[in-house]
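> Please build the complex by placing chain B on the supplied structure of chain A, with the hints as guidance.
Protein chains: 2
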Amino acid sequence: MSGDGKRLRPALMLLTTEAFGGSIDKTLAAAAAIELLHNFTLVHDDIMDRDKTRRGRATVHNKWDINVALLAGDGLVALAYETLLETPSHEILAISKLFTQGLIEVCEGQAMDIEFETRDHVLTEEYLEMIGKKTARLLSMCAQIGGLIAGANQEECDHLNNFGMSLGVAFQIQDDLLDITADENILGKDFGSDIKQHKKTSILIYALEKSSAKQIDEIQRVYKQKEITATDILTVKNIFAETGALRHAKKLADHYFSTASQSLNKLADRAEVTFLKQFLNLVLNRKA
Amino acid sequence: MSGDGKRLRPALMLLTTEAFGGSIDKTLAAAAAIELLHNFTLVHDDIMDRDKTRRGRATVHNKWDINVALLAGDGLVALAYETLLETPSHEILAISKLFTQGLIEVCEGQAMDIEFETRDHVLTEEYLEMIGKKTARLLSMCAQIGGLIAGANQEECDHLNNFGMSLGVAFQIQDDLLDITADENILGKDFGSDIKQHKKTSILIYALEKSSAKQIDEIQRVYKQKEITATDILTVKNIFAETGALRHAKKLADHYFSTASQSLNKLADRAEVTFLKQFLNLVLNRKA
Numbered sequence: 005m006s007g008d009g010k011r012l013r014p015a016l017m018l019l020t021t022e023a024f025g026g027s028i029d030k031t032l033a034a035a036a037a038i039e040l041l042h043n044f045t046l047v048h049d050d051i052m053d054r055d056k057t058r059r060g061r062a063t064v065h066n067k068w069d070i071n072v073a074l075l076a077g078d079g080l081v082a083l084a085y086e087t088l089l090e091t092p093s094h095e096i097l098a099i100s101k102l103f104t105q106g107l108i109e110v111c112e113g114q115a116m117d118i119e120f121e122t123r124d125h126v127l128t129e130e131y132l133e134m135i136g137k138k139t140a141r142l143l144s145m146c147a148q149i150g151g152l153i154a155g156a157n158q159e160e161c162d163h164l165n166n167f168g169m170s171l172g173v174a175f176q177i178q179d180d181l182l183d184i185t186a187d188e189n190i191l192g193k194d195f196g197s198d199i200k201q202h203k204k205t206s207i208l209i210y211a212l213e214k215s216s217a218k219q220i221d222e223i224q225r226v227y228k229q230k231e232i233t234a235t236d237i238l239t240v241k242n243i244f245a246e247t248g249a250l251r252h253a254k255k256l257a258d259h260y261f262s263t264a265s266q267s268l269n270k271l272a273d274r275a276e277v278t279f280l281k282q283f284l285n286l287v288l289n290r291k292a
Numbered sequence: 005m006s007g008d009g010k011r012l013r014p015a016l017m018l019l020t021t022e023a024f025g026g027s028i029d030k031t032l033a034a035a036a037a038i039e040l041l042h043n044f045t046l047v048h049d050d051i052m053d054r055d056k057t058r059r060g061r062a063t064v065h066n067k068w069d070i071n072v073a074l075l076a077g078d079g080l081v082a083l084a085y086e087t088l089l090e091t092p093s094h095e096i097l098a099i100s101k102l103f104t105q106g107l108i109e110v111c112e113g114q115a116m117d118i119e120f121e122t123r124d125h126v127l128t129e130e131y132l133e134m135i136g137k138k139t140a141r142l143l144s145m146c147a148q149i150g151g152l153i154a155g156a157n158q159e160e161c162d163h164l165n166n167f168g169m170s171l172g173v174a175f176q177i178q179d180d181l182l183d184i185t186a187d188e189n190i191l192g193k194d195f196g197s198d199i200k201q202h203k204k205t206s207i208l209i210y211a212l213e214k215s216s217a218k219q220i221d222e223i224q225r226v227y228k229q230k231e232i233t234a235t236d237i238l239t240v241k242n243i244f245a246e247t248g249a250l251r252h253a254k255k256l257a258d259h260y261f262s263t264a265s266q267s268l269n270k271l272a273d274r275a276e277v278t279f280l281k282q283f284l285n286l287v288l289n290r291k292a
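Which chain is which? The protein sequence lines are A and B, in order.
So for the first sequence, the working numbering puts the first residue at 5; every next one is plus one.
So for the second sequence, the working numbering puts the first residue at 5; every next one is plus one.
These are computed hints drawn from the structure, not numbers from a lab.
Note that the structure is predicted; figures quoted are calculated from it, not measured.
Virtual Cβ for every residue (Gly too), placed ideally from N, Cα, C.
Keep in mind that a hint or two might mislead.
[Said to hold, decoys possible] Calculated cross-link-like contacts (lysine-lysine; reagent style BS3-like; alpha-carbon spacing at most 25 angstroms):
{"id": "1", "chain 1": "A", "residue 1": "30", "chain 2": "B", "residue 2": "101"}
{"id": "2", "chain 1": "A", "residue 1": "67", "chain 2": "B", "residue 2": "203"}
{"id": "3", "chain 1": "A", "residue 1": "230", "chain 2": "B", "residue 2": "241"}
{"id": "4", "chain 1": "A", "residue 1": "101", "chain 2": "B", "residue 2": "203"}
{"id": "5", "chain 1": "B", "residue 1": "241", "chain 2": "B", "residue 2": "281"}
{"id": "6", "chain 1": "B", "residue 1": "218", "chain 2": "B", "residue 2": "241"}
{"id": "7", "chain 1": "B", "residue 1": "255", "chain 2": "B", "residue 2": "281"}
{"id": "8", "chain 1": "A", "residue 1": "67", "chain 2": "B", "residue 2": "230"}
{"id": "9", "chain 1": "A", "residue 1": "101", "chain 2": "B", "residue 2": "30"}
{"id": "10", "chain 1": "A", "residue 1": "203", "chain 2": "B", "residue 2": "67"}
{"id": "11", "chain 1": "A", "residue 1": "281", "chain 2": "A", "residue 2": "10"}
{"id": "12", "chain 1": "B", "residue 1": "203", "chain 2": "B", "residue 2": "281"}
[What the hints assert, rightly or not] For each label pair, taking beta carbons as the anchor points, the in silico distance ranges come out as:
{"id": "13", "chain 1": "A", "residue 1": "292", "chain 2": "B", "residue 2": "121", "range": "51 to 57 angstroms"}
{"id": "14", "chain 1": "B", "residue 1": "291", "chain 2": "A", "residue 2": "162", "range": "54 to 60 angstroms"}
{"id": "15", "chain 1": "A", "residue 1": "54", "chain 2": "B", "residue 2": "130", "range": "30 to 36 angstroms"}
{"id": "16", "chain 1": "B", "residue 1": "291", "chain 2": "A", "residue 2": "101", "range": "38 to 44 angstroms"}
{"id": "17", "chain 1": "A", "residue 1": "130", "chain 2": "B", "residue 2": "28", "range": "58 to 64 angstroms"}
For reference, chain A alone in the conformation it holds in the complex (with noise of 0.2 angstroms):
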C-alpha cells in the first residue's frame, strides 16, 4: 500500500463528493477502502497473471508465496469492509451494496480474462463486456459513492455510472496499448506481459481481424507458445503496427473518453463538472 501507485480511484471518488459541493471528509474512509479492494484485485491477479513485478517491486506471490499473497488478497477485501463501513453517511447501505456489486462483477471480469486466455477467438463484444466488469465497474462505482456521500440524486448517479464506466473501458484499451508501448521503467512493469500471458486485448482482437494469412499465422505461432520471448513480443508489435491495430485502440480509447466527457456535461448544471474534466484530461494523458 506504500508503494507508488496512481490512487485513481480513491481521487476519483473524492473529486467527485467535491463536484457535488460534498465534504471530502465524510468519503475519506470510503476512498481508502476502494484503494484497499483495488489492491485486493492486484494480489490475485499477479498470482493468476504469473507476474513477477508490480509497480516497480516484486509481486507478494514473487516476494513470499502464493499462501502469503492469497491470505493477504483475502485480508486486504476484509479491511476494505472494515473501513468502508466507517463512512458516515445515511446512504451506508446502498453504498455497501454498489460497493459489493463492484467486488462481484471484478471477480467476473477476471474470471472472463483468464478465461480468455485459453480460447483462440475472442469477440470484440465479449472483450468490452470483460473490461466492462474487471475495470470500468470499479471506477463507475467510485464516483457514484462519491455522489451519494455529497447528496446526488438517482439520475444523478445514473450519469456518474455513465461516466465511470466510460472512463473504465477508456483506461482498460489506454491500458492495452501502454502495455505494448510504453517504457518498462516508467511502466513499473514488465514489457508486453499481455502477450506473454495470452491475453485477448482489443488490439489483439483488431490486428486478428486485419492480419494477412501469414501475419495471423505468425501471431498464432507466437501466442501459441508457453513462454513467449522478447523477440516475439516485437514480431506481434510489429503487426500490431502494420495493421493499424495500435491506431485502432487509441481511437477507441479517444471515443470513450468523449463518451466520458458527454457524460460529465450533463451534469453541469448542478455540480462543478470542472474538477472532473481535468481529471478526465489526466488519465487521457498518463504515461503509465
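This is chain B only, laid out in the frame that chain A set:
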C-alpha cells in the same frame, strides 16, 4: 454449496434468533451469507493446505486449478456480502461490522495456522488464540447476529459471544481429534491430514510436552519429512495415545463445551436456551 456440509453456522444463527423469539425469516439472508463465507474459507484453505478432498468430493483447486479456486473463493466472499446486505434489520450496520470482523479474524487465524506449520514449537496459548480466530470467531458471530436480529441487547450479545467462542474452541479441538480418530469415509477428508500438513494441533502440542526423548525424536523425524506416509501417521497416533494426548484433548474439548453451556445458562431468563443446548449436544456428539 450443494455438498453435504453440516450447515453448522447457519443452523446456529437461526436457532439463536428463535431462542430470542425472533422470526427466522428475517435471519435467512444472514444465515445464507455465513455459509457462503464459510465456504470461501474452505476453498482458499484447501489451496493452502493442498487438500485433495473435502466432504468426500474433490476440492475446487484439485478438480479445476488454483486460479479457478482462488477466484471462486473471492466470488464467494462477494456473494456472501451481497446476501448479507439483504437482511431486513435496523441493525444491518452492526451486523455488517460483526460479519467483517469475523472475516478479518478468520484471515488472521489462517495466517497463524500456516505460520505454525514452519515452526518447531508452538505454545498452547498461541494455539488457542489461533483457533479462536480461525474457528471460534465465526461461531460467536453467528450467535450474535442471530440474537441481534431478534432484538437481543448488548449484555445478551456478550453472553452469546462467550457462548460462541467456547463452542468454537471446543469444536476445533474435537476436529483435531476426529482428524486422527474418525473413519475416513465418515470424515469425508483424508485421515491424518493434520499430521500430513505439519499442523500444530492441541494434541501434538500436549504430546510433545509429555513425550520421552525417544518419542520426541520419533515425532520430529515424521514432521521433518516432506511426504508423510500412512505408517508415519500411525506411529504418531500411537504416541498421541501413549502420552495421553488424545485423552487430554477430549478433556479440553469437554471443558470448553461446559463453559459454552454455562454461558447459555446466563441467558435462561430471557431466551429459550433449550434450542441452543440441543445444538450444543449435537455438536458434542458428532462423528465427523
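> Each hint: holds or not?
To see whether the hints hold, each was checked on the structure:
Note on residue 30 of chain A and residue 101 of chain B: the hinted pairing holds, with a Cα-Cα distance of about 18 angstroms set against a maximum of 25 angstroms. Pair hint residue 67 of chain A plus residue 203 of chain B holds up; C-alpha atoms about 24 angstroms apart against a cutoff of 25 angstroms. Only pairs whose Cα atoms come within 25 angstroms are accepted, and residue 230 of chain A paired with residue 241 of chain B is rejected, the gap being roughly 45 angstroms. Between residue 101 of chain A and residue 203 of chain B the CA atoms are separated by roughly 38 angstroms; this puts the pair beyond 25 angstroms, and the hint is violated.
Under the criterion of a C-alpha separation no larger than 25 angstroms, the hint pairing residue 241 of chain B with residue 281 of chain B is inconsistent with the structure, at around 32 angstroms. Pair hint residue 218 of chain B plus residue 241 of chain B holds up; C-alpha atoms about 15 angstroms apart against a cutoff of 25 angstroms. Taking the CA atoms of residue 255 of chain B and residue 281 of chain B, the gap is about 19 angstroms. The hint holds against a cut of 25 angstroms. At roughly 22 angstroms between alpha-carbon atoms, residue 67 of chain A and residue 230 of chain B fall within 25 angstroms of each other, so this suggested pair holds.
For the hint pairing residue 101 of chain A with residue 30 of chain B, the CA-to-CA distance comes to about 18 angstroms; that is within 25 angstroms, so the pair holds. Our distance criterion of 25 angstroms between C-alpha atoms is met by residue 203 of chain A and residue 67 of chain B, whose separation comes to about 24 angstroms. Our distance criterion of 25 angstroms between C-alpha atoms is met by residue 281 of chain A and residue 10 of chain A, whose separation comes to about 17 angstroms. Pair hint residue 203 of chain B plus residue 281 of chain B does not hold up; C-alpha atoms about 31 angstroms apart against a cutoff of 25 angstroms.
Between residue 292 of chain A and residue 121 of chain B, the C-beta spacing of about 39 angstroms breaks the proposed range 51 to 57 angstroms. Hint check: residue 291 of chain B to residue 162 of chain A, Cβ distance near 55 angstroms, so the stated range 54 to 60 angstroms holds. Taking 30 to 36 angstroms as the suggested C-beta distance range, the pair residue 54 of chain A and residue 130 of chain B conforms, at roughly 34 angstroms. A C-beta distance of roughly 41 angstroms is found between residue 291 of chain B and residue 101 of chain A, which places it inside the suggested range of 38 to 44 angstroms.
The beta-carbon spacing between residue 130 of chain A and residue 28 of chain B, approximately 42 angstroms, falls outside the hinted interval of 58 to 64 angstroms.
Hint check: violations occur at hints 3, 4, 5, 12, 13, 17; the rest are consistent with the structure.
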